[in-house]
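As given, the protein sequences belong to chains S and R, one line each in that order. Heads up: the first sequence is residues 1 to 468, going by the working numbering. Heads up: the second sequence is residues 1001 to 1330, going by the working numbering.
Simulated from the structure, these hints should not be mistaken for lab results. Even glycine gets a Cβ: it sits at the ideal position worked out from N, Cα and C. Don't take every hint at face value.
Which residues of chain R face chain S? A few of them, derived with a C-beta cut under 8 Å, are [claimed, not checked]:
| # | residue |
| --- | --- |
| 1 | F1135 |
| 2 | G1175 |
| 3 | N1217 |
The list that follows gives simulated cross-link-like pairs (lysine-lysine, DSSO-like), each with its CA atoms no further than 27 Å apart [as the list claims (entries may be wrong)]:
| # | chain 1 | residue 1 | chain 2 | residue 2 |
| --- | --- | --- | --- | --- |
| 4 | R | K1178 | S | K464 |
| 5 | S | K119 | S | K304 |
| 6 | R | K1178 | S | K204 |
| 7 | R | K1319 | R | K1244 |
| 8 | S | K430 | S | K451 |
| 9 | S | K464 | S | K430 |
| 10 | R | K1003 | R | K1319 |
| 11 | S | K167 | S | K304 |
| 12 | S | K210 | S | K464 |
| 13 | S | K419 | S | K464 |
| 14 | S | K204 | S | K464 |
| 15 | S | K333 | R | K1319 |
| 16 | R | K1178 | S | K430 |
| 17 | S | K167 | R | K1244 |
| 18 | S | K419 | S | K430 |
| 19 | R | K1003 | R | K1204 |
| 20 | R | K1319 | S | K419 |
| 21 | S | K451 | R | K1204 |
| 22 | S | K304 | S | K165 |
| 23 | S | K165 | R | K1244 |
| 24 | S | K464 | R | K1003 |
| 25 | R | K1178 | S | K333 |
| 26 | S | K451 | R | K1178 |
| 27 | R | K1204 | S | K210 |
| 28 | S | K47 | S | K119 |
| 29 | R | K1003 | S | K419 |
| 30 | S | K167 | S | K119 |
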Amino acid sequence: MATRTKDVQTDADELVTAREARAPAKQPLTLPADDPVAFPLQLPESKARLQTPAVGQRATRPDGRLHGLGQTQYIDDLTFPHMIHAKVLRSEHAHARIVSIDTSSAEAMPGVLATLTGKEIPRNSFGPTLQDQPVLADDVVRHRGDGVAAVAAVTEQIAADALEKIKVEYEPLRPVFDPLEALGDDAPRIHGGDTNIYASKVIKKGDVEKAFAESDHVFERRYQTQMVEHVPLEPHASIASWDGNGRVSIWSSLGRITLGREDLARTLELPQSKIRLIGTIVGGNFGGKNEITNEPILAMLSRKTGRPVKSVFTRGDEFVSSTIRHPFTMDYKTGVMNDGTIIARKIRIILDGGAYCSWTGTTIGKGSILAPGPYNIDNIHVEAYAVYTNKTTTGAMRGFGAPQVCFAYESQMDEIAHKLGIDPLEIRLKNAFSEGSSSPTSQTLQAVAIKESLNQAAQRFGWKEWQA
Amino acid sequence: MIKRGRGMACMWYPIGFTVAANPSAATVKVNTDGTATVLTGTVETGQGALTVLGQIAAQALGIATDDVHVVSADTDTTPMDTGAIASRTTYVTGNAVMLAAEKARDILFQAAAPLLEVPPDQLEARDRKIQVLGFPSKSVDIGTVAQHSETVLGAPSIGSASYNPPTVPMDPETGQGKPFNTYVYATQIAEVEVDDETGEVEVKRIVAVHDCGTPINPMLVEGQIEGGISMGVGFALQEEILFKDGAQINPNLTNYIMPTSLDMPEIEVELVDNYDPTGPFGAKGAGEPTAVPTAAAIMNAIHDAVGVRITSLPATAEKVLGGILELQAS
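Same shape as in the complex, but just chain S (with noise of 0.2 Å):
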């Protein structure tokens, strides 16, 4: 690597020697750090971009083209005159009271201009269901991701020195991190109440248990799944920046920014008509940046700076303090007769929830819906339960659920077609929905194309001539 640096190093000595050659006399010439490159004026053009009709055509993105030669702006990329920088000092306890916070030592530092806690945020809290998360914590801190304070600087390398100098007093409080053991009698109740279980859903159809009675086999399995995090390229970024009429604009990677900037009114008790939001483009979402997160910090930093206030997260904050997939602990029990036809399937789900409810309403949800997988099944039970943990908050994540009841619901099958001694193909054939199949929730579907999806991926692959 040594090599490659100084290869560059002395192609871009040679490329300043050349430049200053070509140079009029007594203009000192400097390579700026990023040599624009240069592109043809006359581009290439994909033919598929200029066909009619449009749909159906593989054209190409024109964004595409903007990655390649580096000319997209991602927020890293955004500077504005006068800008600072912010960092977020997160929770040393999974579960605890915060007794202080003293930031006086961080403000006194060089290069410090400000520092925010969360007694200073308008309305501290938000969440696209429950509203119960606080943008910084100022009472309990119920995960280790919390943010407790933040900090504006010159640099951000000030800044992360600055979350050194700041003293928090904590009085610790009993944590529990199993989802199953959160339900206990005895567990801390992790946001007060009677019960940590925040969210539940139930789907009925049929008569299950009458169903298993006359099934020829039960099969009974626990399936459970972990903890995954987006890890999009771009992690959580923002900009915010006060104007002189008091109105805010703030660029961020947030993928809805209809409902981000409903979020941000909120928290900062603003009319909407005095937020700006501007979604750049995203370096990856995948579902986890459905939500704020400092921007409404920013703002706070840039109302009192008067600067524009930057803050990008660090690979770390991505994964402690951004939204992570709920893991599922699964319980399956299906009811078959001997041809392998499912006349029964009763499912019980519990969801790790993590220490704020987030996205888990959707996911709950879509999760339950979906869970006795895409087949005619008469009779069905799901119950499904949502349990705060002092761990790493759950949201969205691509498929909501799905992922982890697929693996269920598709080993099982597996499961059942091997006890069988039934083909796994013509056993999802006999059991998949087709047109006008009725859902778990007696949804009448349309647009159905399992069967068509199954019998074309099992061509393809071979499935048939298949030697081990």
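Please build the complex by placing chain R on the supplied structure of chain S, with the hints as guidance.
Relative to the frame of chain S, chain R by itself:
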């Protein structure tokens, strides 16, 4: 010894939730040269949504993808949108863009009708022309019509519309009802190699056959499927956030292992021929479902290869080897 196995998984996934309001709005403006601008409140998050929305507007106006510029994601200028979530953009925002483009096109039809001496309902927009239905030779260039409409008749071609898949409440006791407007379907089949001495799993090939209704841009659907499979491979075999006393112990890309290009299998993608009359030009959606069946297919392939049934993800080498040793012991 290396053991080969194959496993399949199919899935269904909903598009256009209806349990709560789920609207998108859009504006389409035709310029006086027949090109167009689309305003949408959605955000390009890397999936190619703006290209697809441009293609939908172009189709409704009878022009090419390159003729349309899409402006997005600024609350000062673009109309409301529920956002780049839930695989809803092609379907919900796409329907809004189509309806807005049709309104703009109707203004062009009004302007072209006297020129072509037929009623507006006898016209269609195709190949950058406004033409008489069934008589392509009787036509006017779309730019000429747009110019005439705006600068002679004083009727600029612009349309705004919104779309909301009809909201239907569910029964809170039984969960019965119509929670989504439509669904997509898919099957993935995985071929794996499992080393029965180490438990290591290598995914060699995945065949992915997905339904997304009409693929507005088949290349972008294929891209979604390949990306979804990479997420599915990580979910199946590698990725896991680990905790100690409530603190993540691997919050970095050194210790949180996810697939790189070297871990990716050969991917063969096919699309099912399908058409959903409720979607724009028959389209449904493609974003999330691509990541759904991959892990299940890989788990079934591991079972086929070595007889081990993995019941908790991810199927790390330790877990698979543990299962193999248990089988050998019994």
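Taking the hints in turn, this is what the structure says about them:
| no. | hint | verdict |
| --- | --- | --- |
| 1 | F1135 | violated (18 Å) |
| 2 | G1175 | holds (4 Å) |
| 3 | N1217 | holds (6 Å) |
| 4 | R:K1178 x S:K464 | violated (37 Å) |
| 5 | S:K119 x S:K304 | holds (14 Å) |
| 6 | R:K1178 x S:K204 | holds (14 Å) |
| 7 | R:K1319 x R:K1244 | holds (20 Å) |
| 8 | S:K430 x S:K451 | holds (9 Å) |
| 9 | S:K464 x S:K430 | holds (17 Å) |
| 10 | R:K1003 x R:K1319 | holds (16 Å) |
| 11 | S:K167 x S:K304 | holds (21 Å) |
| 12 | S:K210 x S:K464 | violated (37 Å) |
| 13 | S:K419 x S:K464 | holds (19 Å) |
| 14 | S:K204 x S:K464 | violated (37 Å) |
| 15 | S:K333 x R:K1319 | holds (24 Å) |
| 16 | R:K1178 x S:K430 | holds (25 Å) |
| 17 | S:K167 x R:K1244 | holds (24 Å) |
| 18 | S:K419 x S:K430 | holds (16 Å) |
| 19 | R:K1003 x R:K1204 | holds (12 Å) |
| 20 | R:K1319 x S:K419 | holds (23 Å) |
| 21 | S:K451 x R:K1204 | holds (25 Å) |
| 22 | S:K304 x S:K165 | holds (20 Å) |
| 23 | S:K165 x R:K1244 | holds (26 Å) |
| 24 | S:K464 x R:K1003 | holds (19 Å) |
| 25 | R:K1178 x S:K333 | holds (25 Å) |
| 26 | S:K451 x R:K1178 | holds (22 Å) |
| 27 | R:K1204 x S:K210 | violated (44 Å) |
| 28 | S:K47 x S:K119 | violated (57 Å) |
| 29 | R:K1003 x S:K419 | holds (21 Å) |
| 30 | S:K167 x S:K119 | holds (16 Å) |
Going down the numbered hints, you'll see the structure goes against 1, 4, 12, 14, 27 and 28, while the others check out.
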